[in-house]
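J.: Listed below, chain by chain, are the residues.
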Amino acid sequence: MDSLQNGTFNISHETTKEDFNLLLQALDASISGIILTDNRLPDNPIIYCNKAFETISGYDRSEIIGHNCRFLQKEDRDQKERQLLREAIKNGENCIVDIRNYRKDGTLFYNELYMSPIKDESGKVGYFIGVQNDVTLRKKAELDLRQQQDVMEKRIVERTKSLKESEDYLASIVQTVRESLIVLDPEFKVLSVNDHFLKTFKVTIEDTQGKLLYDLGNGQWNIAALKELLESILPTNNPVEEFEVEHDFPHIGKKLMVLNAHRIELEGQYKDRILIAIEDITDRREIERRKDDFLSIASHELKTPLTTIKGLVQVMQRMVPPEVSDKFKAILDKTGMYIDRLNNLIAELLDVSRIQTGNIELHKDSFDFDKAVHEAVEAIQAATKSHNIQITGTSNEKVLADESHIVQVINNLLSNAIKYAPDHKEVIVYISRVSNYVKFSVKDQGMGIKQEDHKKIFDRFYRVGEIQQRFPGMGIGLYICDQIIKNHGGTLWVESEPGKGSTFSFTLPLNKPQPDGN
Amino acid sequence: METKTILICDDDEGILDMLEIVLEGSGYHIVPVQNSLMIYDIIEQEHPDLLLLDLWMPVLSGDQVLKSLRKNPQTHELPVIVISASRDGQQIAADAGATDFMAKPFDLDFLLKKIQEYLN
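So the sequences go chain by chain: A and B.
Just so you know, we're using the numbering used here here: the first sequence kicks off at 1 and counts up by one.
Just so you know, we're using the numbering used here here: the second sequence kicks off at 1001 and counts up by one.
Do not take every clue at face value.
Derived PhoX-like pairs (lysine-lysine); straight-line CA-CA distance at most 25 angstroms [unchecked claim]:
1) A/K398 - B/K1004
2) A/K334 - A/K425
3) B/K1071 - A/K371
Covered stretches of chain A, as calculated for chain B (at least 3 residues, CB under 8 angstroms) [as the list claims (entries may be wrong)]:
4) 264 to 275
5) 312 to 324
6) 343 to 351
No lab work stands behind these hints: they were computed from the structure.
Beta carbons: idealized from backbone N, C-alpha and C, even for Gly.
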């Protein structure tokens, strides 16, 4: 109150009354509500309020003067700010609180109340001045913000929990799989391995983590094929699948492993880490080998008596007296035919087993392709009275291939041409050389094959529906042929229309450069 | 024309019987050998013109027989047709020095044609 000098106002340089008016107008112009209470009167009643206080509270001056401020809190008495105010009044101190107040119409507003005591010369509190601002908007924003923060915090807790859960979940998957897993850093140091790895390779986590892969177990993982995979193949062919590694480990013996390797290419903390999954197929291979061995022996043993039966039936066919009925001859012919079918089934069983286990062994040798075709045709023709097989064309080439397997394919295609065209006598074989391939085709006059079956007939155990009743079989002959030709780097396909016969062709690559030098 | 002698070495009696019937019917002199260990002595005695030889036989296998025959100057040139039901028979036969190979079961006409080829 610097402007008060010797009890005289001198704001307007006019009368004290003029100054007083100016001050009252100034108070009424304030956007803050201002009240005065008289602490000397009972219950500390309000003795002055400005216009803004009426506006903020919604009460008229006549409803305000004489009341204690608490009417502003209505029924909302349980506020800790009220305790603060009481303390300040009792001690005659300043106090600032945000308190929930209610307008006359009952609506809530947040009141930022600055309360200050006015003391007389002896230090006794005569009055209190209260300055009030409606801070509902700010308070609301603050509360909203707090609520948002609470929600966010809750979410973070939830997310952290779910991350932890999913990490635990992933870890439990990694530990449960019956496959060894290794994670390497870009320098091939082991970052982690799963339990199965430790169990299979009989190592401890201490011997493993942080060590260079090649140094593990006194260098027993220093395997040339693995090195090649990690250092030569993976950098350019990511990911690598089904990579076979065979290695003799000092303690656990010879292991045949199939590896999948994946270098992480995603930018971020995991970039260039290498994941390796190792499947130990030592036992599986051994079982497959035994199965193949068993089937080899079984098929050999089954074919031996079949050879005798076939020979004896053929002897009977030669010894048939001229007066015997055609029906009897037909029965003998049929017997021979079923012996051949049984023989094919036995051979196919073994072949399918070998193809499935990837053990189809090719003994490649150079042989005269035309001669092989002629011999195969001759053999089939010798056994077939019903059909006439003609050969046209030549390739004049030697091929590097497994002759017995190629002859098997030719036999199979020729047998099919005869089997599925019982009413047509002509089968034409065509040999040619096309670019750097030899090509073999066999054309029959049979029932033909629908377009939608052209691919499927090469599937394992696929039988064209209506065929099964007339010509029983296992549906593996063409599958085997296709696999054999594929294994030689050639292709096998069919061109056919129902009722117009079929042409089966295959190509085999010649192991020499193309004429144009490409 | 003198009768040609064909030795058939197979541990399976049925095949020996069947081939004997067929080949004798075609005018050959047939000597069946069921025990492959006897084969060297029988070759000494019979001087066959051709040998039909099985592969999978107990104790002494066909490819072992064939390899030693090829080492012996007297049987070095003997035509030997290997007959086998083994899937890998053709390769084994070729490696051991067979003149020809026929997979069991075979076609009789085809076998006879081959035999004629090597005996003329």
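J.: Would you mind marking each hint as holding or not holding in the structure?
T.: Do the hints match the structure? See the list:
| no. | hint | verdict |
| --- | --- | --- |
| 1 | A/K398 - B/K1004 | violated (35 angstroms) |
| 2 | A/K334 - A/K425 | holds (17 angstroms) |
| 3 | B/K1071 - A/K371 | violated (29 angstroms) |
| 4 | 264 to 275 | violated (count 0) |
| 5 | 312 to 324 | holds (count 4) |
| 6 | 343 to 351 | holds (count 4) |
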